[in-house]
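Q: Using the hints, put the two standalone chains together into the complex.
For reference, the chains in residue letters:
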Amino acid sequence: MYRIAVMGDRDSIYGFAALGLEVFPIFDREEAVRQLHSLTQREYAVIYITEALAAQLPEELERLAERKLPAIIPIPGVLGNTGMGMLNVKRSVEKAVGSDIIFNDGK
Amino acid sequence: MAGTQVNPTRMELTRLKKKLTTATRGHKLLKDKRDELMRQFLDRVRENRRLREEVEAGILAANKNFLLARAGTQDPVMNTALLAPKQRVSLECGVENVMSVEVPKFTFKTRTPNRHDIFSYGFAFTSGDLDGAVQSLQDIFPQMLKLAECEKACQLMAAEIEKTRRRVNALEHVVIPELQENIRYITMKLDENERSTQIRLMKVKDMMLQEAHGYETF
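So the sequences go chain by chain: D and S. Read the first sequence against my numbering and you will find it ends at 107, with the numbers running on by one and no gaps. Read the second sequence against my numbering and you will find it ends at 218, with the numbers running on by one and no gaps.
Chain S with its partners taken away, still in its complex shape (with noise of 0.2 Å):
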């Protein structure tokens, strides 16, 4: 007994009973729940994993071509050509449910047709290597926004997962054998009640004949 009174009636064995019964059906669908997330979350953070090393990568090389276009160019020429974006890039925020986690997914749409649309200065007056530099940064962004997106799944799962093996847990260490321990009691006072009004009305019809025809009793 978990501490807590229960009444040992056969009202509260059906109750309980029932409960059990539902405890024990959503302990199973919790459990297959955590496994296939867990199975998706694998694949997804294993992409997330690569997707990671592969921007990490790409991004040191545009800072490297970076730094040698400032080193090639004058502080205001550089700042004067990045000073007026001509590219825009807006997203498009999708939902898609990864059993019933819902994770972010996301298209982007640039503002001019041409995606590669995004020297926002003239060739005259910067180095080759800015070009190089912006270019190589171009190259990595869509892996950039595939990584937000995976990131951001593998952080909603691992939450997910994480609660419901929480629950899991809980049903399965705590509820269902409270449960069960629950109903053993009720069983074995009802038996015990059972039992004893049966020795009484025993002992009363022996006291009955005695009175009744003075018959001997043990």
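Extracted from the complex, chain D is given alone in its bound form (with noise of 0.2 Å):
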């Protein structure tokens, strides 16, 4: 049985905590660090992180992508969207593809 985390600054996430996510508000890159290494240690298969959180652990996340568990998903938070969600799908096309022919329609 597996669980679903959400992480980010408090004004994001907040209202996940209603939905029956388990929200864990992050202050700082520090903290974030040893939260996302405690949460990948437990059952958790879906952890959701604000965008402006995710762009602060480039390497963590990259690390963790290899895995075939946790899922690390990037949503926008509460100060917008950075695209940077929309960046990792195209990123994965282009290691997949060799260039990226899913997004260049002129956008």
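These are calculated hints, taken from the structure and not from any lab test. A few of these clues could be false.
[To be verified] Calculated cross-link-like contacts (lysine to any residue; reagent style SDA-like; alpha-carbon spacing at most 20 Å):
1. S/Lys18 - S/Lys28
2. D/Lys95 - S/Glu47
3. D/Lys95 - S/Lys33
A: Structure below.
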């Protein structure tokens, strides 16, 4: 039985608590690294993380991308969409195909 | 020759020929695997993009609603309202095998039978905006879960495609040409040896004939 975590600044994530997801408000980078580490040790299958926070932890996320679980998914925070989530999708296309053939439709 | 020393023997030749057959077959199989993976990956990545657009729009809308709700409610009231969640989501994680890439498949379960049972507060002291905000987040949640599944699958498949592509290229451009080159070299060498043996025998025969019968040779 797996669980779902949401990490990020408090304002962006507290709504998810009502849905029954577990929220972990994070204030700085060190705490984020520690929390992420402890979450990946436990039974969390999906970790939603705000884009702003995800931008601060590129190498940690890179490392976890190779693993089957957990899936770490950037979501836009309260400060708006930084386009980082889309960029990740774009990057995986580039990795697989060699060049981006999905997103280059003039956007 | 790629700098390696090969023994020009028949045994080595047979071995290399066997290796070449295996390599060629492996190359073909890997190429097929890569093509099929790529096809499925592209489908999934399109789906991923669609889901992400949907989820990002949904979360943006929900955030706006929350902002409104917060503006209309005092912070302590808000905090108390969301302090003790009523609902709890747990995940069942299956595995789907896509061309030998194992991707996770999630199904979620909620603690209370009705998954819309999300309001962890009485409606008396909070504004209606909060209800709307929580509801809008709830509506987008199934999509978020699908996004998680899809995005993870894309990441894993991208890694696998990259690996497979490198293998295909290594076989196609390094291993197979090298084997062919080595086989050619051994065949040449063996032919050359055979010719030289032949000539030596002819020469010896001539010499013996001359000795025995005094035949003139050229």
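Q: Now tell me, hint by hint, if it's right for this structure.
A: Taking the hints in turn, this is what the structure says about them:
The suggested pairing of S/Lys18 with S/Lys28 holds, with an alpha-carbon distance near 16 Å, which does not exceed 20 Å. A threshold of 20 Å between alpha carbons decides the hint, and for D/Lys95 with S/Glu47 the separation of about 18 Å falls inside it, so the pair holds. In summary, the hint linking D/Lys95 to S/Lys33 is supported, as the alpha carbons are separated by about 17 Å, within the 20 Å threshold.
Every hint from the earlier list agrees with this structure, and none is contradicted.
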